[in-house]
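A.B. asks: What follows is each chain in one-letter form.
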Amino acid sequence: MSWDYLFVQAANGAVVGVIYALIAVGVTLIFSILKIVNFAHGDLYMLGGYCAYYVIEYLGLPPLLAMVVAMGALFVGAIVLERLTLTPLYSDATERKDEYGLIVTFGLAYFLRNTAVIAFGPFPLKPPSFIPGVQRLGNLVVTNDRLVAGGVGLVLILGLLYFMQRTIWGQALDAVSQSRDSAAIVGINARRFNSFAFGIGAALAAAAGALVAPIFSLAPDMGVLPNIHAYVIVILGGMGSVSGSIIAGILLGESENLFTAFFPDPTRAFAYTNAFGVLVLMVFLIFRPQGLFGRRHLRME
Amino acid sequence: MRIARPWRVSAKLAVLIGGIVIASSQLVGTPAKAADPLKVGWVGPLSPPGGYAEGALMKQAAELAAEQLNAKGGVLGRPVQVVFADTRGKPEEGTAAAERLISQEKVVAITGEFHSSVFLAEMEVAHKAGVPIIAVDVWALSITAKGYPEVFRVAPNQALIATKYGDWIAAAGFKNVAVLFEKTDGGQSARDVLLPVLDKHGVKYEVVGADPNSTEFTAQIERFKSHQPPFDFFMTAYSEAGAYPMISQSHTLGFAPSPRTGIANSGGPAVDPTFWKNVGEAGKYLVTEIVGLPKNAWNDKTKAFVAAYRKKYNQPPSPQAIENYDAMLVLADAIERAKSTDGKAIVAALEKTDITLGRGRYTFSTGKDPDWAYHQFMNAPVALVQYSKVGQEAEDAPIVWPRNIADVKYTYLKPGQ
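Sequences listed follow chains A and B, in order. Mapping the first sequence onto the numbering used here, position 279 (from 1) lands on 279, and the numbers just tick up by one. Mapping the second sequence onto the numbering used here, position 394 (from 1) lands on 394, and the numbers just tick up by one.
Next comes chain B alone, as it looks inside the complex (with noise of 0.2 Å):
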């Protein structure tokens, strides 16, 4: 007969109550305390060969956006933390920043990103996962048009960029043009878009590629010099740091801005806080897009971003920043409607997304014709404005085009006039 011991069956018990209470722990989940951080990822580039000046924008806007909705007592009653990932401008590191955020940080959504091609890699993270996916910055077409439900945007895209260039560059009465895009898919992508438009409008055109990191663009200028007919505008979508020696160059060796031939930057160099201390005189009469309202018709969130931006960086803010700004708050209204940081949940209540921020009134399309506008901010703003003076900020100078906001008679300022 054997005796029972005592302290067997204890240990049996014990480990019976422990296995219960991990698996119903397991089976219930760990409910979020109050305090528990609800964490937010970002991504972008903050160190090369990436956008780092542009990423560098969005990421203190982030911290802006998160520092005021805690002060406002967080998102769920939980506080927001923003977990900055670095992706140095490469798809593949975008993959590893977006994966490290989902799987480590458990991250309840993400925003950010200046380059398309970084984009596309982590979207791709987030769709497997399910985790909702802002786009901050970037414009390819391709984002929005894969039609993952996880992914929003509330930049435009080059659709609603490029065409506006190409009806300015026709409306301006431009005949001839000069177009250098930088080789990587944001700039392709303007390429793409922009070409059928001059070809609709019957302008002529001669299309150069050039490499992100190029600095020396003399040769290619003599070459545009030596054009005949000579070209009448030279438009570049070139966002790297190399957009700054290119203008002062195209400037210096009297090829655009002139009386002759007019020039465009797209891609957001031109509205960076360094711009006029790099080109100088060689920046007056430049047209480039802003992405935020036009200042006529700011409105009082637009005001008060522009305002603690100034407070807290002693700089103005870059249209990338208020749009990264409102993708948090976007965010931040979307999971508060959710009630919840389910990714399928807050993809339901994004898509429902009726709220008026800095850059005006949000809504995503979830239509999908043309297939680009599912999930698209139909309605994002985008301008050109053209310098009429050295050391103008972007958000003082003359919109152009399209005409319905334009703040002056003109459609072009011609050099000289």
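For reference, chain A alone in the conformation it holds in the complex (with noise of 0.2 Å):
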């Protein structure tokens, strides 16, 4: 084994960890909120990458200007569709919130993807690089897409760590986490936050969306794979906690990556790539059952 293969390898993973963790961080907060997993967050954050792709397409907007009007678009069209479809879940005449939750989310899912193919069309797009060319250090090549998105990804994560913990929203957002009965003994209008949580969740998709897109390309079911990844990293990472899906992203990214990298076996190494984030996931919860920084109230009062 070289050193500099190593390096390299290493180095890939750490970018597409944070991918990972961009694209998870919404499922995250969804999560510690709604405390449902979000399954449609992989098609919000196809929907994301469409618009971004369409308004630079149409009006002509630079590609991160293009991303700011996709995370806009994407939290009004978020907060519709919570108010539509998940307003079930705050009565108590709902019984099985989690499944209720988990089969909206999924027929959602469906709906997105389905529509996708009727108005983009099924043939893959892709929207101009945000800066073209690569860069290079030592045998280390890495496009300026993938160090944007790494980049801007990491800013997003941590200004909503910075609005979570330092701002009166995001502390209502977190005590709403916390404990809903006490949130609203102190004001706190349980069932707004609610909304919130869920439009900056799909403005978080969507902003992976659009910064992902010059990458992988878009497609309507470009957000299948992401789907499993962000499951697999917010479990890892301790069900809603945004610090634990970091973590849990760059660990996913590298463990896959290293997998495919250094499996003896080449012809399977990266077919089973997949199978390894779930295997590394399957091993940590039985050392750590609630995950990297998991905390215990967990359910929907």
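I should point out that these hints are in silico values taken from the structure, not numbers from a laboratory. Just so you know, these numbers come straight off a predicted model, no measurement behind them. Cβ coordinates follow ideal geometry from the N, Cα and C atoms, glycine included. Treat the hints with caution; some may be incorrect.
Unchecked claim - Among the chain B residues that face chain A by a calculated CB cut under 8 Å, a handful are:
{"no.": "1", "residue": "Ser47"}
{"no.": "2", "residue": "Pro48"}
{"no.": "3", "residue": "Lys183"}
{"no.": "4", "residue": "Glu216"}
{"no.": "5", "residue": "Ser226"}
{"no.": "6", "residue": "Tyr244"}
{"no.": "7", "residue": "Gly254"}
{"no.": "8", "residue": "Asn278"}
{"no.": "9", "residue": "Asn314"}
To be verified - A few chain A positions that, by computed beta-carbon distances, are all more than 12 Å from chain B:
{"no.": "10", "residue": "Thr85"}
{"no.": "11", "residue": "Thr87"}
{"no.": "12", "residue": "Asp98"}
{"no.": "13", "residue": "Thr115"}
{"no.": "14", "residue": "Leu154"}
{"no.": "15", "residue": "Met164"}
{"no.": "16", "residue": "Thr167"}
{"no.": "17", "residue": "Ile168"}
{"no.": "18", "residue": "Ile247"}
{"no.": "19", "residue": "Met282"}
{"no.": "20", "residue": "Gln290"}
Combine both chains into one complex, guided by the hints.
C.D. replies: Laid out in structure tokens, this is it:
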């Protein structure tokens, strides 16, 4: 094994990991507030990517600005979706809230994916690069688009952390995530914050979709694999923990990359990459069932 | 003494007459009225997780064919109605679609499909029902090798495609090949045919399987790059949307296409309408197959189809499109000759097909040596082309293999030459 090869694979794994974390962090936020795993997150990510693409194509805005527009559009769109489909979660009449959330978000995922085929067409599309070209460091070659995705992704995640911990709205969100009843006692309208959290989660998904579109191209089913990755990351990080998602994202990116790079049987290494990611999760959960930074109050009250 | 009541007699008579009418109509069958549509089933992926991009192209071509047939008076004097069934690239959906088309829609025959695994499920249903089914863009050998009389294939199969790749790789002088295939029936079938051909030519290789949903190939490509001795060719049998990021990543990382390593993609995405928009510079020098006639061999029917397709859909047709268009016309021709919509009569007529369409002269083999030859369009055109310019349409790309139809002197255009 050459150290150079290890460095190249590890560096690529870190970049991919940050992109994974960016995709997953919205799922984490939604889970921490609504206490449901949003299986339509990958499809909101897809919608964000397409939204940015069409903003660039028809309005001529630069890619980074298009990403911001996509975030705004998905924020509003997601609040509408949440009002239309998820409000029974907040009613005491709904007994099986976990199952309800699961079924509704799965249904939403299929609906959005199949509507996208009709609305955007079946052929993959690719928006222009954020910054064309590549950066080289020895044998390491990283495209500028990956660096932009990783960099902007980190900024967005850190911004979210700042928002959650240092602003009054973020603290209110955190309060709702810890105890809806206690939050209500101090005057926080939990319902509004449900919508707000779903909107922010979707906006983060939109940002991720817009950032990775020049790397992986846009296709109506582009959210399928990220959905699985996001789910693994959210559990690994500790359901509901934003910091845990970042670390788990990088951990997953690294473990998958290094597995592909070093698994002795080259015929099977790449094909079993996703399975290895899930294996890492299973082994980790044996030793730490609550994930990296998991909290215990995880069900909708 | 009982007095017969006249109304009872007439009621019995009415029941009797009604019974005879119903029974006779069951015995004779309801003759199709001239205006009754002649229903043809279409199966293929139109939504995820299947190859819905290719499915959409095939669907458009089938619609165009039906439109043109109807403009000429239909088939057997009846308008042709294509009933489309989305199979989503899943065998179980294919089974359900074929059952619905046959039992509910009462189609007389079926065409379509892009995924071998799904077609293998659909043809079981068609076989049991005795309904003819024409495979449009599925390449697994087992499809025709099963020997079902109802199954015909207008597409080439892996023996006709992957063998050409193997022979070309050897002729172009490559010695050490990285093979990446998608883990589907189509991809595995390509691998199974290609590797013995490479063995025969003494070409070394390493084979890697890939999840069809993959879009991130960096780690694998870095692994290929670090291989000793270096690979001089990257052969990919990958038909999903991930083919575009794979080609882009391979190019960006300096693996292929490069002066040291060539690249090919088999499966279809390299001839789809948005190929260049997705891969840009990375697509130049890429080798892929076209399963239609090369442009210099186009006949009047090819030209008419291309013109009509461009006019209707404002884009060039892909090879899958012309395959489905021709499949519809092959079927229409067989039904006209059979003068019947009976499954066995159509099968018999299909076996005697001899018609020149946009992909050349169609005939179906009835021999079984090799086993996949049965009901296979043996002269299905396959040519390997290599893009020499960014944005080049597949039909304009130089043909590099087979040599008897090649339109350039070189077998392989090395990047930088």
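A.B. asks: Which of the numbered hints are not met once you compare them with the structure shown?
C.D. replies: Hints 9 and 13 not satisfied by this model.
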